[in-house]
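Top to bottom, those sequences are chains A and B. Okay, so the first sequence: first residue is 1 according to the numbering used here, each after it adds one. Okay, so the second sequence: first residue is 1001 according to the numbering used here, each after it adds one.
Do not rely on the hints blindly, as some may be mistaken.
FRET-style restraints, in silico, Cβ to Cβ [said to hold, decoys possible]:
1) A:113 with B:1410: 43 to 49 Å
2) B:1355 with A:22: 39 to 45 Å
3) B:1193 with A:60: 48 to 54 Å
4) A:11 with B:1085: 54 to 60 Å
5) A:60 with B:1154: 52 to 58 Å
6) A:214 with B:1470: 30 to 36 Å
7) A:113 with B:1380: 55 to 61 Å
8) B:1080 with A:272: 29 to 35 Å
9) B:1368 with A:40: 24 to 30 Å
10) A:305 with B:1009: 55 to 61 Å
11) A:380 with B:1009: 28 to 34 Å
12) A:298 with B:1186: 52 to 58 Å
13) B:1033 with A:40: 39 to 45 Å
14) A:22 with B:1403: 26 to 32 Å
Chain A is faced by these chain B residues, among others (derived, beta-carbon under 8 Å) [unchecked claim]:
15) 1010
16) 1012
17) 1088
18) 1279
19) 1282
Derived list of chain A stretches under chain B, where covered just means 3 residues or more per stretch with a C-beta under 8 Å from a C-beta of chain B [stated by the list, open to error]:
20) 130 to 142
21) 193 to 203
22) 245 to 258
Treat the hints as calculated values from the structure; they're not laboratory data. As the structure is a prediction and not an experimental result, all values here were calculated from the model. Just so you know, even glycine gets a beta-carbon here, dropped at the ideal spot from N, CA and C.
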Amino acid sequence: MNAPPAVPVDIEAIERELARLWQSPPWADRRNELALSRTSVLTLFVYAPDSQRAAWAREVIGRLSTHHPSRVVLFLANRSTSLEEPTVSIQCDLGTAGRYAPCYEQITITLPDEGIELLPSLIMPLALPDLPAFLWWLGPLPCHDRRFPAVARTVDRLIFDSLESPHPIADIIATRRLIQQVARSTAVSDLNWGRLGPWLETTARMFDITHCRWALESIVRVELRYGHGRSNTPDNPTQPLLYLGWMASRLGWRLAASDRRDPTWILEFTAPGHRQLQWVLFPESCPALFHGQLLHVAFTAEHDHDAANLTIDLTGGSDRHATLRLRVHDRTHCLLEHAFHHHLLDLQRLLVEELQETGPDWLYEQALDEATALAVELRKLERAQRGH
Amino acid sequence: MTATTLHNPLREGLRFERLPDPCIMVIFGASGDLTHRKLLPALYNLAYDGLLPPGLTVVGYARRPYTDDEFRQEMRAAVERFSRRQRIDPDVWQTFAQGLFYFSADFNDRSAYPKLGEELERLDRERGTSGNRIFYLATPPDAYETITQHLGESGLAQPSQPGSWVRLIVEKPFGHDLESAIALNNHLLKYFREEQIYRIDHYLGKETVQNILALRFANGIFEPIWNRNYIDHVQITVAETIGIEGRGGYYDRAGALRDMVQNHMLQLLSVVAMEPPIAFEADPVRDEKVKALRAIRPIRPEEVNEITVRGQYGPGFIGGRPVPGYREEPRVAPNSITETYVALKLFIDNWRWADVPFYLRTGKRLPRRVTEIAIQFKRVPHPLFKGMMTSGVEPNWLIIRIQPDEGVSLHIAAKVPGPRIRLRTVTMGFLYGTSFLVQSPDAYERLLLDCMLGDSTLFTRRDETEAAWVPITQILRGWAELPPPEFPNYDAGTWGPPEAELFIARDGRRWRRP
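Isolated chain A, as found in the complex (with noise of 0.2 Å):
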């Protein structure tokens, strides 16, 4: 592998010249009326594959910034072979402040296309102290890139989204590897997972209840149906097998049979007490800002005389406007509706929530070793149909 160009990035210039704008903040409100309020509580790295994407994430930190962390780091990848000047700025938010206007610094630099090795050696010294470091990786994850793990050591939490991914499958299971690699300095969350949260709750408390309880032994078949929404890119179900794997862990189901009828998957499980459970996952046509997610989930119980219904279904159109609605049903009438905001499809609220933890998320690692199970079994699945 050749050495990726050198990249000549003077930390100690921009340190200086921060200091140098704080001193003397141009954009000070004059009537000082406001006060200008500096406050660290974290280092956001920003990694953006191409200008597109470091657009729209200086739009989404832009947006944090009544409320965000002291310094972001904007790393841009660079296709071109003169590279740019690192960039330093303070933006403050002045329209939203009231006496007190949030500040945070903002670093740009731009990296060779192929500067993934030169990132630990810029993220290290750029860290503020003491405070913790998340990297949110924009685009699809390199993880299957014997490097990267050395750059995801180098902060506390690495943030990707699998929605991002090009090869859902594939990368389930090296992000697992990728996971054990790293798991002694650095947490990885992934906001895929973190969107299922309000599902997960969900799901939760339609068994919270007695009378759905025994439901839950009894489940005999899950609907599930995820978006399909980009007609360029393949299907992505990490969603569904991260819910799935999630069940699986919590309810110790074990995998028995698979099946693969074009789009539609077919998973046979085995829980405990021998009893057997089918799920059925397919996709389905919605609009892009669905694409991944899951739309309807449907649990069929049955048991000796009694039979439930319990739905839950994504209603509404827009990243901050969907609702989860819960229904549940007995054989004649309809026991149970609730209906809540889902706000994690904002991805604003989201990076909000992945921000404030540090620690890993056991939850997600165990969900996602189900999910990496389920996954080896589909890629053989997906691989003896292509065969064929």
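Go by the hints and put chain B onto chain A.
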């Protein structure tokens, strides 16, 4: 249908490992201001965030002859107007509103309560609430005794099913002096057990108030200096720009001392002054708060004039707008001697706080809305840098700001860069919102959820309420023996009567300008 929470393996590791049991909240005074402004918006916000259990049911109890649908429409309008959410989510509202019901009756009508009981049993069957009840007294305080008596006598104050629970939320004021507080508590305890009673003081639901406990007991640097050896004095300020906002009838009987000091301000004082609890649980925390309140130095009526200042606002300007004086407000007597401002000095006679004054002040129509606790540390023992300060030698202050701009700041002296030794005071600030990246929930949201979960840590216990009335009652007695004050004695839009400045200046101190 029955609904009791069992162990659910899917709940382990989730954001909330425990959700409230499904329950019915009966709000007495459902047509009132508190229900519209605070309770229903808080419940809707909890529903929106997915924090309420399925089946949560609200029964509004009031005299007006509403149908369920009319009540739902009115509550929707209230939520649209007062919720911190910008707009109502129609799906969330639809399922939330399915749980809203109305019961039209007079509080005094004894025969209505058995009917209420039947209605609650019907709702239990339909909505799976299993006999779990919260009775919320959002009425004028003179209705508390009647309602609780009827609840008790109709059997509604105690659980009707094994495993179910009944709780009572009581709004302030808890009495108007020590005797009436004891009488009210005795009355409540005829029908409810103490652990069923949740006396609400919404200040304790504020994030920053809870953060005082975190600041003190989760940081090794503060507790060693949190005592008379290092602290010169404490100032607690609750300043409001508003007047009495149409509450003249109530306020003219209560005054600032009862309305603000007895509850909110003494709660703030108790969390600042308390000893470390043995656990962050309801009774250990409240035990320590009670001890701090009981340690307040007894006040003799003859010394009241020395340790308090009363004020009442006259006409003036707030934010460039003329406002009337207190005596011109609706439903206020034209010769009222009710105080709208009070400043007082208390001592806590215990090992930690001996001889450290706690200055409290609160007022209406002050120039800025602010609630803060300011702790002034002692000056350095030797003035090494005398003459080198740019604006006088300032002692260190730790400011705990509760509203607005919730946060904590520490004022320290630092050298001004340059060849000369010159010092000035600088502020190290921590802003709650900017640091924690989330919007704080409304205090009522937190407290309603805690009550549903059976967590009474942030509610006041009987002995706490009564301990807070002891010094207040003594002050009221002392005032009653003094000639009537010459009111008004401060202009709206100023920091209170000039006497308040002299009062603290006598001790060689001054009020902070918040």
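Going down the list of hints, with the structure as the test:
| no. | hint | in the structure |
| --- | --- | --- |
| 1 | A:113 with B:1410: 43 to 49 Å | holds (47 Å) |
| 2 | B:1355 with A:22: 39 to 45 Å | holds (42 Å) |
| 3 | B:1193 with A:60: 48 to 54 Å | holds (52 Å) |
| 4 | A:11 with B:1085: 54 to 60 Å | violated (44 Å) |
| 5 | A:60 with B:1154: 52 to 58 Å | holds (57 Å) |
| 6 | A:214 with B:1470: 30 to 36 Å | violated (55 Å) |
| 7 | A:113 with B:1380: 55 to 61 Å | holds (58 Å) |
| 8 | B:1080 with A:272: 29 to 35 Å | violated (49 Å) |
| 9 | B:1368 with A:40: 24 to 30 Å | holds (28 Å) |
| 10 | A:305 with B:1009: 55 to 61 Å | violated (25 Å) |
| 11 | A:380 with B:1009: 28 to 34 Å | holds (29 Å) |
| 12 | A:298 with B:1186: 52 to 58 Å | holds (55 Å) |
| 13 | B:1033 with A:40: 39 to 45 Å | holds (42 Å) |
| 14 | A:22 with B:1403: 26 to 32 Å | holds (28 Å) |
| 15 | 1010 | holds (4 Å) |
| 16 | 1012 | holds (7 Å) |
| 17 | 1088 | violated (10 Å) |
| 18 | 1279 | violated (23 Å) |
| 19 | 1282 | violated (24 Å) |
| 20 | 130 to 142 | violated (count 0) |
| 21 | 193 to 203 | holds (count 6) |
| 22 | 245 to 258 | holds (count 3) |
Taken one by one, the earlier hints fail for this structure at numbers 4, 6, 8, 10, 17, 18, 19 and 20, listed in ascending order.
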